[in-house]
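Novice: The residues making up each chain are set out below.
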Amino acid sequence: MRTLKLLLALLLAMAAITTSCGDSSADESAEGPAGAGSDEPITVYSGRSEDLVQPLLDDFTDTTGIEVEVRYGDSAELALLIQTEGDSSPADVFISQSPGALGLLAGEGRLATLDPALTGLVDAGFSASDGTWVGITGRVRVVVYNSELVGEADLPQSVLDLTDPRYAEQVAVAPTNGSFQDFVTAMRSELGDDATLEWLEGMAANNSPNYPGNSPIVEAVGRGEVPMGLVNHYYNLRALEADPSVPSANHFLPADDLGSLVIVTGGGVLASSDHAAAGSSLLEYLLGEEAQTTFSAETQEYPMLAVVAAPDGLPSLEGYAADTIEYDLLGDGLRGTIDLISNSGIEQ
Amino acid sequence: MTLPAGDAAPRFDAWSGRQPPTGLLVVSAIIGVVFFGPFAYVIWRNIDLGTDLGSLLWSQKTWDPLQRSLRLGVAVSLSAAVLGTSLAWLTIRTDLPGRRIWQILAPLPLVFPSFVGATALIAGFASGGLIEELLAPLGIDTLPDIRGFGGAWLVLTLFTYPYVYLPAAARMASLPPSLEESARLLGRSPRVVFATVVLPQVSGAVWAGGLLVFLYTISDFGAVALLGYDTLTEQIYADRLFNQPRAMGLALVLGGVALIVVITERALDRRRQRIEMVRTRDPLIVPLGRWSWPSLIFVAAFLGNALLGPVAVLGFWAWRGLTADINSVGLSTDLVDLVWPTIHSAQAGLVSALAAIVVVMPVAWLTARYRSRLGGATNSLVVTGFALPGVVTALSLVFWAIDAPIIERWYQTLPLLILAYVLHFGAQATRAAHVAVGAVPQRLGDAAATLGARRTRRFLTVELPLMTPGLFAGAGLVMLSTMKELPATLLLAPIGFDTLATEIWGAGERGSLAQGALASLVLVALSAILTWVVVIRRLEHY
Chain A
1 MRTLKLLLAL LLAMAAITTS CGDSSADESA EGPAGAGSDE PITVYSGRSE
51 DLVQPLLDDF TDTTGIEVEV RYGDSAELAL LIQTEGDSSP ADVFISQSPG
101 ALGLLAGEGR LATLDPALTG LVDAGFSASD GTWVGITGRV RVVVYNSELV
151 GEADLPQSVL DLTDPRYAEQ VAVAPTNGSF QDFVTAMRSE LGDDATLEWL
201 EGMAANNSPN YPGNSPIVEA VGRGEVPMGL VNHYYNLRAL EADPSVPSAN
251 HFLPADDLGS LVIVTGGGVL ASSDHAAAGS SLLEYLLGEE AQTTFSAETQ
301 EYPMLAVVAA PDGLPSLEGY AADTIEYDLL GDGLRGTIDL ISNSGIEQ
Chain B
1 MTLPAGDAAP RFDAWSGRQP PTGLLVVSAI IGVVFFGPFA YVIWRNIDLG
51 TDLGSLLWSQ KTWDPLQRSL RLGVAVSLSA AVLGTSLAWL TIRTDLPGRR
101 IWQILAPLPL VFPSFVGATA LIAGFASGGL IEELLAPLGI DTLPDIRGFG
151 GAWLVLTLFT YPYVYLPAAA RMASLPPSLE ESARLLGRSP RVVFATVVLP
201 QVSGAVWAGG LLVFLYTISD FGAVALLGYD TLTEQIYADR LFNQPRAMGL
251 ALVLGGVALI VVITERALDR RRQRIEMVRT RDPLIVPLGR WSWPSLIFVA
301 AFLGNALLGP VAVLGFWAWR GLTADINSVG LSTDLVDLVW PTIHSAQAGL
351 VSALAAIVVV MPVAWLTARY RSRLGGATNS LVVTGFALPG VVTALSLVFW
401 AIDAPIIERW YQTLPLLILA YVLHFGAQAT RAAHVAVGAV PQRLGDAAAT
451 LGARRTRRFL TVELPLMTPG LFAGAGLVML STMKELPATL LLAPIGFDTL
501 ATEIWGAGER GSLAQGALAS LVLVALSAIL TWVVVIRRLE HY
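Just so you know, the protein sequences line up as chains A and B, in that order.
Position 105 of the first sequence, counted from 1, bears residue number 105 in the numbering used here, the numbering being contiguous throughout.
Position 224 of the second sequence, counted from 1, bears residue number 224 in the numbering used here, the numbering being contiguous throughout.
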């Protein structure tokens with residue numbers, strides 16, 4: 001009998017939850033026609049984490065009075081979600097960890113063209129050439145290394161050197177990771193497919209150890225499991241903050257080297273959005289001096305706004321070859337990149 | 001009151017004459033259609049994207065990962081079946097010291113999201129990891145390589161054996177003591193009694209659990225990706241965004257393979273003799289005697305690896321985070337932030353467990369009580385759904401719900417999220433429910449009917465109480481799985497409905513081991529409490 005009572009209580013609880021959900025959606029639809037203009041909240045799908053983005057969005061709401069509702073998730077999966085939702089997507093703005101996911105949605109006509117004044121805030125290489133999305137921050141590709149295992153003199157001067165047999169089994173890669181794929185795409189646009197495949201096959205011949213992403217590589221290098229790895233610059237900075245005793249360090253390759261590609265995080269407004277103006281004002285806010293300073297100081301990512309200084313202790317972005325890389329190719333061309341990576345045998 | 005084994009054989013003949021009630025058939029058909037949703041979505045995407053299935057199937061690049069998936073699936077389900085059954089027997093049917101505590105601890109490893117377990121294992125065992133640091137003073141400086149097949153097999157076995165443990169424990173708790181007593185009176189040793197009397201009666205539950213382990217293993221992404229074992233699901237994830245035709249083609253292959261395995265297992269299951277029994281007294285407790293200590297060491301050592309090891313690593317990270325002076329955004333550690341996620345996780349877990357039981361009950365009743373093609377087909381669909389990667393199930397629900405009349409109002413609200421959980425985890429309840437229904441003798445209901453009890457009353461007063469241990473074991477599995485579910489939660493939860501699983505994921509995304517570890521520990525603690533309330537107490541009461 002007690003079991004039955006428990007079941008009954010649970011059923012009632014479920015009913016209560018269901019009704020309350022029903023009520024809230026009813027409220028929303030009741031408000032819909034009445035609440036006009038800037039009072040209506042906008043919905044953001046964010047591939048960037050809550051701790052980082054939420055304080056900035058709260059500031060935005062305080063400044064503009066526009067309420068923001070945010071769904072946090074993985075950039076690739078949120079892009080799939082928007083793709084599947086189609087024109088009915090509740091999202092107004094998409095903020096992505098990588099240009100690839102934005103490029104995919106742009107290619108399918110899911111992103112609206114932004115005001116040129118907005119895309120003009122950043123250097124030409126850091127926004128889509130068709131104006132569908134704009135860069136918000138930048139991360140630089142680096143070689144993370146274990147300072148107990150690798151002397152500074154032995155560090156490579158170019159990512160192209162890493163196919164040399166003396167780096168056999170020394171350099172960790174993440175072939176399925178978005179940033180690695182973006183880097184390979186940049187290499188394709190710079191050197192062509194043949195040279196890129198040759199480099200990938202060289203890395204494969206060197207038995208470069210595989211990891212699923214940036215953090216696992218940084219952790220493995222810190223433990224001394226592998227001496228070096230190709231990652232984005234800020235993962236190691238975070239690892240060191242959690243445990244300063246770890247002997248892992250970032251090696252910045254020369255600014256004009258392919259190995260120091262700048263990969264942007266960016267944002268776009270959905271073509272299906274009913275709040276396009278509010279959406280682009282949010283992107284404008286994220287590109288404002290205040291938000292950009294926060295990004296630089298709190299996440300050690302590179303600001304897109306020239307007037308905001310690079311994070312403490314990091315080289316400035318000056319001279320980094322941003323305009324030579326066609327970011328749109330990073331979206332549309334990723335399919336070819338994945339084929340190239342998979343044909344090279346670098347995945348082990 | 002027990003039926004001798006021989007009476008079980010004519011059961012089907014006796015029942016095949018009965019027509020299943022129309023209402024039951026209609027309800028089961030509706031459930032079947034809903035559970036077909038994810039498959040229909042995958043099929044439609046393959047057509048829409050023009051996937052070249054022929055060349056995909058003939059490609060070595062499909063076969064290699066498929067073979068790895070199958071090899072891992074079979075290896076993990078075998079080891080999980082052996083471990084789950086042994087632990088169930090030791091903790092339920094023997095006088096193992098501290099058995100009540102072991103009963104609560106044994107199902108818990110299921111709650112570790114596999115990427116958390118794998119991360120903890122790597123941090124512990126990998127070259128340069130915590131264990132090596134601990135052992136270094138003893139002169140041990142190299143540990144076996146845990147990457148690849150071995151590591152994936154170990155992690156997945158340690159975290160999936162509860163799929164076998166819970167149903168097997170539930171079944172053992174409801175076995176009648178008389179046969180075992182007779183066997184022992186005839187001078188059989190406890191080991192022989194276990195092999196010839198106990199094992200045949202729990203084999204249905206063990207098979208059911210083993211199948212779940214297999215399906216979970218082939219659909220897992222977290223552990224295989226971190227441990228570098230390239231399975232079919234890993235390929236689906238790698239291709240999900242930029243090579244969608246291949247990803248969807250591989251999802252169809254995965255679903256197809258899973259369906260074949262499920263149907264084969266069903267066919268074998270039907271040939272196995274079912275023994276229908278109900279117990280009237282507490283189950284027999286076997287004194288372990290001089291085996292007491294070795295058994296205790298085995299249980300303690302095993303749970304030490306599956307539970308204490310990961311908890312210790314997580315505890316170390318959390319402690320380091322709580323004591324360190326870190327000011328950077330996103331790296332701080334805060335227990336208060338976890339209050340709402342904890343409430344949401346408990347809410348989602350309990351509601352979806354109950355919903356799953358209610359949804360699969362008609363199907364289990366139909367398949368266990370009648371011969372019905374419809375019941376068989378629906379049952380296979382429900383079970384196979386567990387093999388589809390979570391993101392595929394979630395996207396299928398988006399696809400079907402976003403523009404559907406009426407349903408669209410529920411888009412990204414709790415009811416639809418619960419539906420996603422039920423679609424993905426229904427398999428765990430349906431097998432348990434099937435075993436539970438199978439354990440109720442038809443004769444009891446018939447007797448109640450002759451005494452004038454109506455259908456509903458018979459169900460509530462006679463049959464439901466007898467099924468309770470099995471049902472709650474299934475509900476427990478769904479609950480634990482829901483609490484660690486990630487992809488569907490991220491895509492379909494109402495905005496702001498953070499759970500412990502999304503907290504752990506978010507902490508991992510921003511590189512905060514400490515907060516992720518803390519959230520994982522809270523998840524384990526919450527699971528322990530709920531498992532005790534929902535499952536373990538029931539094993540004792542019935």
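Be aware that a few hints might be false.
Partial selection, computed: residues in chain A whose CB lies under 10 Å from chain B [to be verified]:
1. 73
2. 75
3. 80
4. 97
5. 109
6. 113
7. 195
8. 344
Chain B is nowhere near these chain A residues, computed Cβ spacing over 10 Å in every case [unchecked claim]:
9. 43
10. 193
11. 210
12. 243
13. 307
14. 313
For the record, the hints were derived by calculation from the structure and aren't laboratory data.
In this text, a Cβ means the ideal position worked out from N, Cα and C, and glycines have one as well.
Novice: Against each hint, give a clear statement of whether it holds in the structure.
Specialist: Each hint tested on the structure:
1. 73: 4 Å, holds
2. 75: It holds, given that the least Cβ distance between residue 75 of chain A and chain B is near 9 Å, below 10 Å.
3. 80: 6 Å, holds
4. 97: 9 Å, holds
5. 109: 16 Å, violated
6. 113: 22 Å, violated
7. 195: Given a least distance of 21 Å, the restraint on residue 195 of chain A is violated.
8. 344: This interface hint is violated because 13 Å lies over the 10 Å limit.
9. 43: At roughly 7 Å from the nearest Cβ of chain B, residue 43 of chain A sits no farther out than 10 Å, so the non-interface label is violated.
10. 193: 16 Å, holds
11. 210: 6 Å, violated
12. 243: Non-interface label on residue 243 of chain A violated, nearest chain B Cβ at 7 Å vs cutoff 10 Å.
13. 307: The claim holds: residue 307 of chain A sits with its nearest Cβ about 22 Å from chain B, beyond 10 Å.
14. 313: Given a closest Cβ separation of 13 Å, the condition holds.
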